[in-house]
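Chemist: This is what each chain is made of:
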Amino acid sequence: MSNILIRLNDVNKVFYTDEVETHALSNISLVINKGEYVSISGPSGCGKSTLLNLIGLLDTSNSGIYQLLAHDVSGISKKERARIRNKDIGFIFQSFNLISDLTVEENVNLPLSYRKDLTKNEREQFVLSSLKKVNMEHRANHFPSQLSGGQQQRVAIARAIAGNPSIILADEPTGNLDSENAETIMTLLDLLHKEGTTICMVTHDPRSAKRATRSIDILDGQIIADKNNNQTNLNHINTHQTDAA
Amino acid sequence: MMYSTVLQDISYAMRLLAKKPSFTILTTLVMAAGIGLSVFMFSFLNTILFKDLPFTDGGSLVIFSGSENGYHNQNRLNSHDYFEIKKQLQGVSEFSLYYDTAVNVAGNDGARRYKAILIAPNFFELTRTPPILGREFSDAENQPGTEAITLISFDLWKNIYAGDKNIIGKLILINGVNHEIIGVMPQGYAFPDSADLWLPIKQHPTQLTRGQAEPIYGLAHLDEGTSIEDVNRQLDLIMQRIEQNYPQTNHGIGAYITSIPWANVQDGDVIIYTMLIVALLVFILASINVGNLLLSRAVERRKETAIRVALGAPRSRLISQMLWESIIICSLGGLIGLLVMAWGLQVTQKITATFFTDPLPFWWEFGLDNFTLSLFFLFVICSIVVTGLLPAWKNSAEDFNGVLRDGTRGATSKKSGRINKLLVMSEIFISMTVLISAVSLTVASYIERNINIGADTDNTIVAKVILSDTDYPTKASRVLFAKTLTSRLENSSNIGDVMISKKLPGFRADTALFEIEGKEYTQKNNEQYPKANNISTTIGSLKKLGVKLHHGRYFNSSDEGLEKYTAVITQSFAERHFGTQSSLGRRFRLISENGKPQDWLTIVGVVAHTAQGDDIYAKIPSVFRPYSQVPKGTISIAMRVQTDNSATIRQLRATLKSIDAQLPAYRIETYNQGIERMAAPLKFVSSLTLLCGLAAVILAGSGIYGVMSNTINQRTQEIGVKQALGADEDLIIKEFMTTGLKQLLWGGFPGVFAGCFLGFAILQLFNNGLSILIIITLSIIMFIGSIVMIATYLPTKRALKMEPSEALHYE
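Chains as they are written, first to last, in this note's numbering: chain A, 1 to 245; chain B, 1 to 811.
Think of the hints as simulated: they come from the structure by calculation, not from any bench. Remember, it's a predicted structure, so these values are computed and weren't measured experimentally. Each hint should be verified, as a subset may be incorrect.
Per the computed footprint, the stretches of chain A lying under chain B, defined by three or more beta-carbons under 8 Å from a beta-carbon of chain B, are [said to hold, decoys possible]:
#1 58-70
#2 90-103
#3 106-116
Taking lysine-lysine pairs in the DSSO-like style, the calculated list, with each CA pair at most 27 Å apart, reads [unchecked claim]:
#4 A/Lys79 <-> B/Lys170
#5 A/Lys120 <-> B/Lys734
#6 B/Lys543 <-> B/Lys564
#7 B/Lys202 <-> B/Lys170
#8 A/Lys120 <-> B/Lys742
#9 A/Lys78 <-> B/Lys734
#10 B/Lys170 <-> A/Lys116
#11 B/Lys619 <-> B/Lys519
#12 B/Lys734 <-> A/Lys87
#13 A/Lys87 <-> B/Lys797
#14 A/Lys116 <-> B/Lys742
#15 A/Lys87 <-> B/Lys801
#16 A/Lys116 <-> B/Lys801
#17 B/Lys544 <-> B/Lys564
#18 B/Lys87 <-> A/Lys79
#19 B/Lys797 <-> A/Lys78
#20 A/Lys210 <-> A/Lys194
#21 B/Lys158 <-> B/Lys350
#22 B/Lys544 <-> A/Lys116
#23 A/Lys78 <-> B/Lys801
#24 B/Lys350 <-> A/Lys79
Ideal Cβ positions, reconstructed from N, Cα and C, are used throughout, including at glycine.
Take the sequences, apply the hints, and build the full model.
Modeler: Put into structure tokens, the structure is as follows:
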């Protein structure tokens, strides 16, 4: 059985604004295996968030092939993309993106509520267990506005893991937090990784990037480096080499 | 320093408004419509109803009118009853009385018809207005048999006598009798409404029986500290006691007081208050709309405001900057509204003039008076507060640190979500209330104006003629006049059928009490005398008018003669008093209050019901008598037009001149115009209310869409989050539609309740059923519901067109 979770082949993304073409991603090829902890780094505007959006099916590429769990998801419908996001992908955002009208518990339950294969009891159990994992079960009935930034991000992590997704995509998860809270969040991600969760994280922070098992550097929409943080060798690889790996 | 800061803020606000001209034009026009329409309605109603009459103590002057079965229908009161009231009533003083009538006044170019008021000697004292020339008359001059005298209006003095300073003592020929002019009243004085002449009433109830005395309206000043309600409670008790003494004739007869302007409203106060509520709601709706547009602009400018805060701008300065936008929009909109309103009031003066054949009540002077201008400024200030303060306060109180960091907003703030929901629910509530009440009034008015009067009114000219007691002293002379007029008109080439009647179908007639042979009318069996319109009509008129014969026959030559006693009744009279039995050949007679037995009348025919007047009067059954048996002084003439209207009118005037050179015809118009005129005030107020309703539809439609669109716009990021978490389009649409539906219910339920409350009261006033209200309400629920659903669906769909990644970073 294949260990490959995500495979990108020659993926391109171009933005068009007022007749100006911006090549956000150029010929990206990439494989992420199950259980990996990948960080994507690079300067502002290099395309790292665009790449994460494509991986998370929040956006579509202009060309190239994207396989998730060995299924080609490049040209699937919006409805199918939504279903995959719900079942296989968990998101953690820089700005937490909790719904202010919903309590902590309701926020965590939100992705589960879109699933038809779960009973109410199952959903409640999933919510409780994920809140326990981030140590936020005692604030289950609070609203996001009653929580600190760090607490809000812990709730967001609980929401991301509640449905037991195949991969967690984190976009600058500590970007809006102080160092103490940032450390708590990173420790949580470490823990999730140790439990076997696949994580793909976009970050500016080199210290956060180093905590991942694999670091990918992007510049001007292209992968310029892909290194295994447990090894010292630096591999400048092209897309085909990555594919072969 | 302060001055330059303000100037800087104004210039900044102007620059911002100029940058978005379509926004500026839209908001200014919305405010113009809201302020203009609302202030217009208030000004219109204030002028006709709420303003004190323009003389000293005008505000405390009240009129006594008669009611029937609880309906305040402005009947005249029996003089005997009024004198009883005067003896017993507390809390009012300076009693006087009057009644009005039409008179012929002879002039060099023929006679004209004028409105005369027959008054008690102290009549002018109550209005604190002496004549500008001459004098009032004394008690002695008010005795029967004394010399004929009159006071004339300023207009009559100017028009007939060219303002002759030596007018006092000159004679004026009124209804064929010379009257000495003893006074001229001041310019604009036409009390009680549109009087041309004032004559002594010359009657005292103690000298006449209950049946003989002419019914009157009472007048008095309300004492300080006494309310109209207090007096009306006393009047109820007094009239109940009178009813106990005269159970057959006074059953259901009551009395009530109102201010002079309110007298014509009768039971229509619910319409007036509905109009005021609707006007106020339209203003609030406009303010909410503009407030919402400014709020969404304030949200758009959060970042700019945040930068200002970061640079040290005090909160007061931020509020001031944002408030100037509102001040400019509301002032400019208000000014446009004021100009259109001023024009509207001028037009109203012309339109309302068509309501009456007499001049307008003397206090109906529409224009930008002190009240209107004060209200206008108040509305402008309120609109600035409503539209400006909320967005300014909200924006200046924002967490600007978060805005600048471009992060922690997470999703829309709870507070702004609540404000948006409140705005939508307010819009729904107001539009439901306004629309249900406005449509109810319009539908009631339409039904009222389209009742089947039971006669063919097309292609017909109508006119009125007064046969004075002096020129036509005998019944035979009146019968001869009617016959001569009919035959001469019908023999002319311009005119077809000619119908003469005391009152034509469609117009309000005098009612009388009757006694049916074989029935007992005693207090014991609680049987009341039947009441019906008592109308005399020339032979052949009913048939020629198209009033359908159901049984028996129309009047014919065998009914001619003062010694004959036959009658034709309407089907409604037959059904009510004879049930399924045949009424032909049955007898009944008029009830005389002086106890003198009247002759029995034999029913020879039954015709279709004719509606004599509108509202409750339309349902009163009628009794027709041949004019040759009961010739009346005031007659209505209806003529079928053969060639054209003007030729018919010319023919009528020429024919009248050939019979009696001093006999004028008045109220000459088409039959349909006459019927329309009766309902014209109702049509006008319902049109005004409908105009407000239409404004409310446009404002509410655009407003609900605007607020919903703004709300969903602000929730775009939330949509992105939900999409990221796996919600598909259908789910999100369903969720937003459910939210829209909830808001519809929260705002709609109280709106339906308030609208139905007003609508029910209006429809009840016109005796319309609950089913009409249900249909109206359901239609409006569907209509507003569709607006809310469309206003939710389209912006949601638009937001869903974005990729989730775009929606997540949407600002």
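Chemist: Under 8 Å between beta-carbons, do enough residues of the segment 90-103 of chain A, three at least, approach chain B for the coverage claim to hold?
Modeler: holds (count 10)
Chemist: Is A/Lys116 close enough to B/Lys742, meaning Cα to Cα at most 27 Å?
Modeler: With Cα atoms ~24 Å apart, A/Lys116 and B/Lys742 stay inside 27 Å; holds.
Chemist: Starting from B/Lys543, check that the Cα of B/Lys564 is at most 27 Å away, please.
Modeler: Within the cut-off at roughly 20 Å; holds.
Chemist: Would the pair A/Lys79 and B/Lys170 pass a check requiring their Cα atoms to be no farther apart than 27 Å?
Modeler: Violated, at roughly 98 Å.
Chemist: Does B/Lys801 lie within 27 Å of A/Lys116 when you go C-alpha to C-alpha?
Modeler: Holds - the C-alpha atoms of B/Lys801 and A/Lys116 are around 25 Å apart, at most 27 Å.
Chemist: Regarding the pair A/Lys78 and B/Lys734, is the alpha-carbon distance no greater than 27 Å?
Modeler: Answer holds: A/Lys78 to B/Lys734 is near 16 Å, not above 27 Å.
Chemist: Take the C-alpha atoms of B/Lys87 and A/Lys79, compute the straight-line distance between them, and say whether it is at most 27 Å.
Modeler: Status violated; Cα separation ~87 Å.
Chemist: Below or equal to 27 Å on CA atoms is what counts here, so check B/Lys158 against B/Lys350.
Modeler: Holds - the C-alpha atoms of B/Lys350 and B/Lys158 are around 22 Å apart, at most 27 Å.
Chemist: Taking 27 Å as the top limit, are the C-alpha atoms of A/Lys120 and B/Lys734 close enough?
Modeler: Holds, at roughly 20 Å.
Chemist: Hey, B/Lys619 versus B/Lys519, does the alpha-carbon distance stay inside 27 Å?
Modeler: Cα-Cα ~23 Å, so holds.
Chemist: Just to make sure I understand the rule, a stretch counts as covered if three or more of its residues have a C-beta closer than 8 Å to a C-beta of the chain. Does the segment 58-70 of chain A meet that for chain B?
Modeler: holds (count 3)
Chemist: Tell me if the straight-line CA distance from A/Lys210 to A/Lys194 falls inside 27 Å.
Modeler: With a Cα-Cα distance of about 15 Å, the restraint between A/Lys210 and A/Lys194 holds, given a limit of 27 Å.
Hint compliance for this structure: hints 4, 10, 18, 22, 24 are broken, all remaining hints hold.
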